[in-house]
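**Q** Each chain, written out:
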Amino acid sequence: MTKHDSSRRKFLKGVGIAGAGAAIADQLWTEAEAKPESQAKPNVMSGEGKVVLNVNGEQRTVQVEPRTTLLNALRNHLEPAVTGPKLVCDMGTCGACTVLIDDKPVYSCLVLAIDAANKKITTVEGLGTPDKPNAVQAAFVEQDALMCGFCTPGFVTTISAYLKKHPNPSLDEVREACKGNFCRCGTYPRVFEAALAAAKQSQA
Amino acid sequence: MPQQAQPSPSPKPKKKIRVPRVVNGVEQMVEIEVDEDSGPGWGPNDKHKLLNKRMTRVDGPLKAAGLARYTYDQRLPGMLYGRILRCPHAHARVTKLDTDAALKIPGVKAIVPAPLTELRYAGAPVAAVAATTPEIAGDGIRAIKVTYEVLPHVVHAADAVKPGAPQVIAEEINLKD
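Residue numbers (our numbering), protein chains in the order written: chain G, 1 to 204; chain X, 1001 to 1177.
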């Protein structure tokens, strides 16, 4: 086993859980490396181990189970927690948990925390701050592209990554880029406007 | 008898105003024509303090940066996470709820059976588990052994009003006048 796929579905489908756990434990669990005597014990899937996550430029050590999703690690295991990404569907449908792994948007509810180790994780908090927003965050505020705001971190993250690759998109392209994010308030028109405005702003 | 031609009313004076319209999914300002005397007069736009001014919402910057704290984002010391075990049958009764194995899982703190004796829809709550993590709460749910007495059900309204149809509530008939 050489490389893990970061999709939880494929992960569970493609390999036996116990086998995968053993392989991951060998590669990524820093605790196992720190204590060589633990190699004498059988590698089991249960229990917690330490994983180092690179979150918004900071190396953060977190205690997780092999099955802990990246989303849960960020929200419930890190101290202080990273609560920008939201848990809504927990099945890769709604996009509220979107984060960037190595600049690529992914559903963090479908990524295991251990599979995100040693990768660059960027959440909405890492894109900008209220005082120093990135172009997309500023455009969301300016265009009033949010109501309850629960889906906003996901949209902002998705659009920020998209505009980096496609700096001058059409409306249809923005819509296509946002197809993995749901907004129950229904602010889609404003979201698309904000994306287009952010693109324009970045070009200027 | 031919009707007397009415003198046509002189056309009302019109004015053009710009209003927001959603066109092809995107809000745009479009120009429409309205009666000169339509709508209340608010005075010239540049004399207003708030009206006709672009206002950004106060919670926008925090929400767009992911820093707005929702109730859901709170994490308190000793906080437990709940999961609910739900009935897979449209109509059933729980004859046995075995929580022994579930309660033995480290981290499972409490299991509360639903007070209902009869379950009337698929998804009706059967028991709730409180545990130290969401994952362990899920373990607790899966470790509960439920024995159901599956009862008959119908899907269509027409079947529900037939004589002898399964009763939604035992003491009451399904159809009332």
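Check the hints yourself; a few may be wrong.
The calculated lysine-lysine pairs, modelled on DSS-like cross-linking and capped at a C-alpha distance of 25 Å, are [stated by the list, open to error]:
1. 132(G) - 164(G)
2. 132(G) - 50(G)
3. 1096(X) - 1109(X)
4. 200(G) - 1053(X)
5. 179(G) - 104(G)
6. 1053(X) - 132(G)
Part of the chain X face toward chain G, derived, beta carbon under 8 Å [as the list claims (entries may be wrong)]:
7. 1031
8. 1071
9. 1075
Don't read these hints as lab results, they were simulated from the structure. Glycine included, every Cβ here is placed at the ideal spot set by N, Cα and C.
**Q** The structure should be examined with respect to each hint, and the outcome stated for every one.
**A** Outcome of the hint check:
1. 132(G) - 164(G): 18 Å, holds
2. 132(G) - 50(G): 33 Å, violated
3. 1096(X) - 1109(X): With a Cα-Cα distance of about 21 Å, the restraint between residue 1096(X) and residue 1109(X) holds, given a limit of 25 Å.
4. 200(G) - 1053(X): Holds. Residue 200(G) to residue 1053(X) sits at ~23 Å (cutoff 25 Å).
5. 179(G) - 104(G): 15 Å, holds
6. 1053(X) - 132(G): 24 Å, holds
7. 1031: It is violated, given that the least Cβ distance between residue 1031(X) and chain G is near 19 Å, above 8 Å.
8. 1071: Status violated, d = 11 Å.
9. 1075: 6 Å, holds
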